[in-house]
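Asks: Sequence:
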Amino acid sequence: MSTTDIYRVFAERETRGVSPAYERLSRAVAGDPELLALLDTLPPAKRQPNLLFGVVRLRGGPVDDPAAFRAYVIAHWPDVAAQMRVRATQTNEAGRCAVLLPVLAALPQPLALLEVGASAGLCLYPDRYAYRYGDRQVGEGEPVLDCDLTGTDPPRRRPEVVWRAGLDVNPLDVTDPADVAWLDALIWPEHRHRRERLRAAAAVAAADPPLLVGGDLVDDLPALAAQAPAGATLVVFHSSVLYQVPPPRRDAFTALVRTLPGHWIANEDPSVLPHADLPEPPAEGFHNVLALDGRPVAWTTGHGQSLTWFR
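Just so we're aligned: the sequence shown equals residues 0 to 310 in numbering that gives the first Met the number 0.
There may be inaccurate statements among the hints.
[Stated by the list, open to error] Quick list of the computed label-pair ranges, beta carbon to beta carbon:
id: 1; residue 1: Pro-19; residue 2: Tyr-242; range: 16 to 26 Å
id: 2; residue 1: Arg-131; residue 2: Ile-73; range: 16 to 26 Å
id: 3; residue 1: Val-168; residue 2: Asp-4; range: 23 to 33 Å
id: 4; residue 1: Val-161; residue 2: Asp-64; range: 41 to 51 Å
id: 5; residue 1: Asp-292; residue 2: Ala-81; range: 21 to 31 Å
id: 6; residue 1: Pro-19; residue 2: Ala-275; range: 29 to 39 Å
id: 7; residue 1: Asp-207; residue 2: Pro-19; range: 33 to 43 Å
id: 8; residue 1: Asp-215; residue 2: Asp-175; range: 20 to 30 Å
id: 9; residue 1: Pro-77; residue 2: Ala-105; range: 45 to 55 Å
Simulated from the structure, these hints should not be mistaken for lab results. Ideal Cβ positions, reconstructed from N, Cα and C, are used throughout, including at glycine.
From just these sequences and the hints, can you work out the full model?
Replies: As structure tokens, this is what we get:
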């Protein structure tokens, strides 16, 4: 897609009805030749809206008014571009654990979790968070993750996790204020509840840090998976990660992960990880597909707000 199309699609599919501020910015950028020309000086993978908006937020720029945003980006473009070149969208949304939980809880216990594209590893603690599916709560503690669940019953208990590890090209450290500031900047402006969730989840991770390894999702996955303890079910999972991986590398990963022992859980955009004969999504807007061992089982929304099980 052209840069114009990337921003237009982001406005229509992902931010409409979810972040009015980012919908306005996306539409403004999509129609602004000067901003588009600046973005097109960056590598294609570095032109994405979440990265641009997150960098501007991190540097203290305005994101609530398109005119002020435009003026800031143009005036500070060398700094904005430099930040975009060295950073990546690493939204570490703990709320996604709420859509993973029904699958994780149904697998043979205990589990050894290995997340690909782990960022700071906040999704490696599904056994530590509490969940609220309508009037049913699972577990105690903070944060409490709310999810609108349709088509299946909530799990009765949280999974038992005996090992947790993450693989990322640039792992983040929740004990480093600069890394936490970047995670905060990636949260959309109106989403105060997600900022509160980030702080609570970061406290959980900081109290018992996971094993986070810097590496490639193909070259370095087998060695990390081999560290999982015997007697535990290995679960390799990822959520909204593969869109950042070039298609040939993506194909190599999906071929490799099928050869590993245990199970594979994917929560990805179906245009990135296609599945045949999917039912219609439950509503307009952006939806991922939750799949177990390559078999699609549910529609999910991007931040774990809802899960609709296939009937």
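Asks: Next, verify each hint and record whether it holds.
Replies: Evaluated hints:
1. Pro-19 to Tyr-242: 16 to 26 Å: With a Cβ separation near 23 Å, Pro-19 and Tyr-242 satisfy 16 to 26 Å, so the hint holds.
2. Arg-131 to Ile-73: 16 to 26 Å: 44 Å, violated
3. Val-168 to Asp-4: 23 to 33 Å: The hinted range 23 to 33 Å holds for Val-168 and Asp-4, with Cβ atoms some 26 Å apart.
4. Val-161 to Asp-64: 41 to 51 Å: 49 Å, holds
5. Asp-292 to Ala-81: 21 to 31 Å: Taking Cβ atoms as reference, Asp-292 and Ala-81 lie about 42 Å apart, which means the hint is violated.
6. Pro-19 to Ala-275: 29 to 39 Å: 36 Å, holds
7. Asp-207 to Pro-19: 33 to 43 Å: At roughly 37 Å between Cβ atoms, Pro-19 and Asp-207 fall inside 33 to 43 Å, so the hint holds.
8. Asp-215 to Asp-175: 20 to 30 Å: 23 Å, holds
9. Pro-77 to Ala-105: 45 to 55 Å: For Pro-77 and Ala-105 the Cβ distance comes to about 51 Å; the hint holds.
Comparing the model with each numbered hint stated earlier shows that hints 2, 5 do not hold.
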